[in-house]
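Sequence order for the protein chains is B and S.
The opening position of the first sequence corresponds to residue 121 in this note's numbering, with each subsequent residue numbered one higher.
The opening position of the second sequence corresponds to residue 121 in this note's numbering, with each subsequent residue numbered one higher.
Calculated directly from the structure, the hints in this document are not laboratory data.
Since the structure is predicted, the reported quantities are computational estimates derived from the model, not experimental observations.
There's no promise every hint is true.
Beyond 12 Å from chain B on every Cβ pair, some chain S residues (computed) [stated by the list, open to error]:
1. LYS146
2. LEU324
3. LEU357
4. ASP419
5. VAL424
6. TRP446
7. GLY447
8. LEU506
Beta-carbon label-pair distances, calculated as ranges [what the hints assert, rightly or not]:
9. S:SER181 to B:VAL428: 55 to 63 Å
10. S:ALA176 to B:LEU174: 28 to 36 Å
11. S:SER181 to B:PRO483: 49 to 57 Å
12. B:PRO180 to S:PRO483: 23 to 31 Å
13. S:SER181 to B:ARG154: 36 to 44 Å
14. S:PRO483 to B:LEU324: 34 to 42 Å
15. B:PRO180 to S:SER181: 13 to 21 Å
Just so you know, even glycine gets a beta-carbon here, dropped at the ideal spot from N, CA and C.
One-letter residues, chain by chain:
2 protein chains.
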Amino acid sequence: MPEIFAAATDHSSVLLALFVMLAVAKLMAEVFERLKQPAVVGEILAGVIIGPSLLAWVQPSDLISVLAEIGVIFLLFTVGLETKPQAIFQVGKRAVLVGALGVVLPFVAGYFIALAWDGSFAEAMFIGAAMVATSVGITARVLGAMGLLDTETSRIILAAAVIDDILGLIILSLVSAVSQGSVSYTGLLKTAAAAILFTVFVALIGSRIMTRLAPAVERLRLSKPFFNLGLILCLGLSAASIYVGVAAIIGAFLAGMALAEATEGNHKMHRLMSGITEFLVPFFLVNIGMQLDLAVFRDTSVVVLAIVITAAAVITKFVGCGLGAWGMTRREMAQVGVGMIPRGEVGIVVAQIGLGLGVISGPFFASVLFMAVATTLIAPPLIKILYSGNGDDESDTAVFEPDHPEDFTRIG
Amino acid sequence: MPEIFAAATDHSSVLLALFVMLAVAKLMAEVFERLKQPAVVGEILAGVIIGPSLLAWVQPSDLISVLAEIGVIFLLFTVGLETKPQAIFQVGKRAVLVGALGVVLPFVAGYFIALAWDGSFAEAMFIGAAMVATSVGITARVLGAMGLLDTETSRIILAAAVIDDILGLIILSLVSAVSQGSVSYTGLLKTAAAAILFTVFVALIGSRIMTRLAPAVERLRLSKPFFNLGLILCLGLSAASIYVGVAAIIGAFLAGMALAEATEGNHKMHRLMSGITEFLVPFFLVNIGMQLDLAVFRDTSVVVLAIVITAAAVITKFVGCGLGAWGMTRREMAQVGVGMIPRGEVGIVVAQIGLGLGVISGPFFASVLFMAVATTLIAPPLIKILYSGNGDDESDTAVFEPDHPEDFTRIG
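Kindly generate the complete structure, drawing on both the sequences and the hints.
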């Protein structure tokens, strides 16, 4: 009889799925911490294990993908909160070069690999586009956990990821239009202009508006006024950024950055935000792992294609972005290079669009999916190695709030 | 062209809906705080305003109801964190009486009102069942905001709500079975036994297990170990409680109570949890408001029925639960009585089950829905009035962490 009740309330299967995802993710995070490996890798592998590829305990669903999206949105928002606009503007020129080279090289590589594998022109364009997109969430998570978000290379990576996303949007729009046989250059220009204007406007003016609003916010009767303002701004700019065409995480990052100065030292607000982030980010990571289709390995030719695409994705991004940081030390160039490697959910989304338009064939789709997850798994250990020595080596198990030393205590 | 991108990523409409819900809810909360009214009322009314009844900016959806459910789950979990099992056992006997009388009177009233309105036998049973269920989330929210969760009457209300839920489950199972013409008394017994065993077992043993586990949890490499344990336990017991037949919030409350002693004084963990609660509870409140169908008022006879049912729901719960607290002061009896009035989402769920089984007719469904929302709107101001003087009068705008004095600062 309880089934009758359960069927209507119901949500029991949803809660069970969330419970399994979180429990296995945290178990794997613990295992990876003990192996001195990044926790994010464990959490993504948790998704591979419980996802359709292996145990099939949890199936990807719209609900999970929305939770995952909200998770990465708040992750980038909290990263933004730690990032003052000035710090980003200072690295602006270098970031443009990093972003641009990190877009061109992977695109060209993906394009020619697809052609070499007998892909069509449209297919080659799409594979190139899928190679372009950096998923900055993973890198931000690893650097945040190490307490290294305020290094110069971290800032370059964050700024380059924003530029990368705008370039990726333009390429994706172009590729989608070409694959459907109609390119409207005015439409394309409008898209690009809207994305750039939105980003520049919020980055330049947002912080000033928020700093000026701060005294009024403090006078609100609402409990936790800055926290609530942050929530509203984060969701609002995320939605707005999708509307102008860039990824939601860009809007969230800009929202955080706009509030960085006004909420500096407001530990309570930062802590409340990190509660949301810590709860939802595992769903983002597990959801990436769940997208991986291990069945791809049954066909040897696809295995080879997947490995080639993955290798090209790693090398071209590393070389392109590393070269973009020319003038810094070799180590710093390498840090920037590896930080941009993860393709994560962005690469998956591009591949899905291609599949939806009927442009990408099965083997290419499987290979791009593999590449997106594999680059995301490869990058964190490399980041950890290249950045170790930058910070306190013990801090890698610490929490994601480098500005608040009291958070480095282990109890939480 | 951005539409192509948006269509696949997409989530833009979801983010927009969440943004609108949160922004309007917080605006209304601010207005109500300024009018010295409870913020929850403002947030529920926000749902009425933006819901299908009026502006129709946001439609109720599965996703929103899941977020709402997670919100109220974490609300009850954080309430549980403030509630030591001992404090609940002390008020046990009285709570049983409060719960039982608060179930019997509303059921009888609902049953006879429905018969008087020419309802069928099955219909009358369902209206009675829908009158039974207390939604303790609303009361917990108001008392928490006033910093009064640790009064004796608060504890009685919380314990009685657990008992109320178990009795409600039994009644609902019985009513559902009768309305379908088949009552399996062994099945019913099993349901009741499972629910009671689960609740008693977790309440009695949970805290001891967690206190014993605490040193091991502290040794975990995982960052924020207690916070993560709390998340897992909260989701796990919520899912388990639905499985045994009681509401998810009961499991969440028990999970919090199990951790209350082990995490006492762990302000960081409590703050992280309250970040999740504060983010998601507005969706719970707005979602209740969105369920209200104002079109019901177009038919005068339905208006009368809705008002009669609502009045009966308020009076019977107030009198029944108040009498259950016999032996306390009159003021305390009244406090317990009003604390149990809100029916909220639980009443709505029962009505939906009746509708799903084809037992309840349209006017009755509309009236019960109205009753559920109206009782939820009526109770908070009454609670505020009856409890004012118990605590610091100024603390009603304070945050939801009475154990942590530093949280009473306004900046957050």
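A quick look at each hint next to the structure:
1. Taking the minimum C-beta to C-beta distance to chain B, about 5 Å, the non-interface status of LYS146 (chain S) is violated against the 12 Å cut.
2. Residue placement check: LEU324 (chain S) keeps its beta carbon more than 12 Å from all beta carbons of chain B (closest about 22 Å).
3. Non-interface call for LEU357 (chain S) relative to chain B: violated, since the shortest CB-CB distance, roughly 9 Å, does not exceed 12 Å.
4. Every beta carbon of chain B lies more than 12 Å from that of ASP419 (chain S), the smallest distance being close to 26 Å; the non-interface claim holds.
5. No Cβ of chain B approaches the Cβ of VAL424 (chain S) within 12 Å, the least distance being about 28 Å, so the stated non-interface status holds.
6. Interface exclusion of TRP446 (chain S) from chain B stands, the closest Cβ pair being 31 Å apart, more than 12 Å.
7. Remark: the non-interface label on GLY447 (chain S) is consistent with the geometry, its nearest Cβ contact in chain B lying 34 Å away (cut-off 12 Å).
8. Distance check on LEU506 (chain S): its Cβ is at least 21 Å (rounded) from any Cβ of chain B, clearing the 12 Å threshold; non-interface status holds.
9. Judged by the Cβ atoms, the range 55 to 63 Å given for SER181 (chain S) and VAL428 (chain B) is violated: they are separated by roughly 42 Å.
10. Taking the beta carbon of each, ALA176 (chain S) and LEU174 (chain B) are about 44 Å apart, not inside 28 to 36 Å as hinted.
11. A beta carbon spacing of about 36 Å between SER181 (chain S) and PRO483 (chain B) contradicts the range 49 to 57 Å that was offered as a hint.
12. Between PRO180 (chain B) and PRO483 (chain S) the CB atoms are about 42 Å apart, so this pair departs from the stated range of 23 to 31 Å.
13. About 41 Å separates the C-beta atoms of SER181 (chain S) and ARG154 (chain B), a value consistent with the hinted range of 36 to 44 Å.
14. The hint said 34 to 42 Å for the Cβ distance between PRO483 (chain S) and LEU324 (chain B), and at roughly 57 Å that hint is violated.
15. Separation of PRO180 (chain B) from SER181 (chain S) is about 19 Å and conforms to the stated range, judged on CB atoms against 13 to 21 Å.
In the structure shown, a violation is registered for the earlier hints numbered 1, 3, 9, 10, 11, 12 and 14, in ascending order.
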